[in-house]
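> Chains as they are written, first to last, in the numbering used here: chain C, 1487 to 2006; chain Z, -3 to 181.
Hints were generated in silico from the structure; no laboratory data involved.
Glycine is no exception: its CB is placed at the ideal position from the N, C-alpha and C atoms.
Hints should not be assumed to be uniformly reliable.
What the simulated footprint calls covered on chain C by chain Z, stretch by stretch (three residues with Cβ under 8 Å from a Cβ of chain Z suffice, anywhere in the stretch; the number is not a length) [stated by the list, open to error]:
1. 1534 to 1540
2. 1853 to 1867
The following residues of chain C were derived to be distant from chain Z, with all beta-carbon distances above 10 Å [unchecked claim]:
3. R1581
4. K1649
5. Y1765
6. G1847
7. L1894
8. G2004
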Amino acid sequence: MAIKTYDVVIVGSGPSGGTLAAHLAAAGASVAIVEGGPKINTRTDFNTHGMPFDFPNRHIPTMKVGKPGFDSERTRGVGGKSMTWNAVAWRYSERDFQGKTHDGAGENWPFHYKDIEPYYTKIEREVGVCGNRDGLEDLPDGEFLPPVPMKCSDLIVKRGAAKLGVKVIHVRKSTLSRPRAGRPACHFCGNCMAGCDVVAKYNSADVHILPAMKSGRLDVFHDSIVREVMVSNRNRVTGVKYLHRGTKAEGEVLGKTVVVSCACVQSVALLMMSKSRLYPDGLANSSGQLGKHFIPHFTGGVQCFLNELKGKPALNDEGFLDHAYVPSFMHNRKRDYARSFAMQFNYQNRRAVGWARDLPGFGKAYKDSVVERYPAFLTFSPYGEMLPHAKTFLSLDPLAKDAYGLPLARRTVTWSENDMKIFRAMNEWSKEILLAAGAEIHAVGEEPRTNHELGGCRMGADPKTSILNQWCQSHDVKNLFVVDGSVFPSASEKNPTHTMMALAARTADYIANGLKKGEL
Amino acid sequence: MAERRDTLKIIGAIGTTCAFPFSSDELYGQQQHEHAAPPQALAVENAKPSFFKDDEFETVRRLAEAIIPGAIAAAVPYYIDMVVNGSAQWKKLFREGLTWLDAQSQSKYAKPFRELQEPNKIELLTPLCAMADRSTKPASQIEVRFFKAFKGMTADGFFTSKIGLVDTLGYRGNTVLSEFPSCEG
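Work out the full structure, taking the sequences as your base and the hints as a guide.
Set out below in structure tokens:
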């Protein structure tokens, strides 16, 4: 029996892999997704509406008892991180793509905003993004569903920020504010990141992968942990080798093209693990650049209590977590660092009261002070852009292995002077805005923390300093592609997933055309 | 994991561990059961604690109630027992901390902490709590580290209980709303 050779084999099923699979299947290609985790029923398998006191240790586990997935460090499961993301969806601006041209720092993307603009629109029409058209130069508008109202606390922050000339806008999310295409509108239960059981929030499994499977052109190999992308002596990838998550049995899926989309760090690790005669230092790494230019976002943070809300009744305002946003405002202000930051805030879940530990005192007075502050608690976290530098990179751990005998990925992060200047500035600005809004500052994050992982397998025009061309296609191996956060040459300060999905749609077009013309 | 950074913390009750900047700072109890514990109630009143001896547990009950009135009714002592039982370091610290507390109480009032009257408890705990509140890095004195952890576990246990979260703080979320309420009206 001949083994099927797919037109496209995609490693990973998150927002990038799922978008690619759906778009390629719609274009007539035969597609296989190979996903390391199990298949999940979004409607029944998550502890979406859990309360802490339902569990003896008070931690609400992601999955219900006996349902595997999403409790591992690698977020394995069909749908990937889109199952538990917060759905914030920004378009990057021309300045984000061409930042080096503006301030000389970092690296430009190998294309411009106008090249990806149609794909942002395509994704917005396809999955539904709510938001307001704000007309900001650095945050392009799109085709949005109506925005969701701001919380009372957002409006207090907005008034404070306005005193400093800082704008607060409606957040934009891939969550439905109106019913659409068989999906209901959000019901504001505040559990977006615990698996949205009604799929009001976009996830790739329900919105992209399941419909594409119905077309008959997409097969999903779940519970299949890819350990190697195979390359022939004629310098073409031929498919992937995997280990079954349960039995550890080996298997292969063959394809005319392979797309690696298993999330930034794991994609880089997979290429590094795929050593061969042609590529002894990792697949598609003739430049030696693989793992370099790792540029995760980093966050600061301030926790506070809004004086205006102290002692008021607690509101049912978990909503869909954050409803408002402080877009980047430093690009046009005088500063002593390159790039900038933006601020997500008020996303706290009111079932989380960890801050209470750090209020002073004990006894009735202590308890009363927690009760008074509870309705007024607010979290603020600015996101900064990291510039690529030599001391922040990805590598494989030379010793440590996972349960499958595969080497663990290692993140080496060293804060540069520019990073620390941004970090201090964004924490300072956060405090200023909150004080202007009338807040009691509770705690300030003392050190930056990495968040959205980006870079390590970047696109670029020059094969000596990048791994991929502008189509996310390997410079070295023409039928190999990588699409996820790892390909970003610069990070912006904006949440990245919407851009990954637009990039996936753009790459899907390129692959579909290449297959039709027989060029791949 | 006896030593935790005590600067910024958010309880990981939203069920995620990586997306938001503070969420890796977890509930004390979270470390004991990384993977889905079966949904069952905490031990109810009069159940036998897993770790603490009877006298110790009586002290734990009195101390928790002194930190947050209502802690006993919210089964906080059993939460603390469960958390401490899961870690050798917590066990050591808590045993030493409780011993210190009784020694202190004996030398000042000639009886163990669990038999103290309210004013004496307050007198004994006030300076200790002040030291623990001031310490942002792990303190060197055992009793300060003990009290800080004890207060943290008491707060976690109480404010994540139904009595604490719903009845005391007035939590009203986790519901289905047809639209998000505007703040204007």
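> Please go over all the hints and tell whether each is borne out by the structure.
Hints versus structure:
1. Under a criterion of three residues with beta carbons nearer than 8 Å to beta carbons of chain Z, the stated coverage of the region 1534 to 1540 of chain C is upheld, 6 such residues being counted.
2. Only residues whose beta carbon comes within less than 8 Å of a beta carbon in chain Z count, and the region 1853 to 1867 of chain C has 7; three or more means the coverage holds.
3. Non-interface status of R1581/C relative to chain Z is upheld: no Cβ of that chain comes within 10 Å, the nearest being about 25 Å off.
4. Residue-level check passed: K1649/C sits 19 Å from the nearest beta carbon of chain Z, beyond 10 Å.
5. Y1765/C, annotated as away from the interface, keeps every beta carbon of chain Z farther than 10 Å; the closest lies near 31 Å.
6. Taking the minimum C-beta to C-beta distance to chain Z, about 7 Å, the non-interface status of G1847/C is violated against the 10 Å cut.
7. Annotated as non-interface, L1894/C keeps its C-beta farther than 10 Å from every C-beta of chain Z; the closest such distance is 16 Å.
8. For G2004/C, the condition that its CB be more than 10 Å from all CB atoms of chain Z holds, with the nearest at approximately 42 Å.
The earlier numbered hint that this structure contradicts is number 6, and it is the only one.
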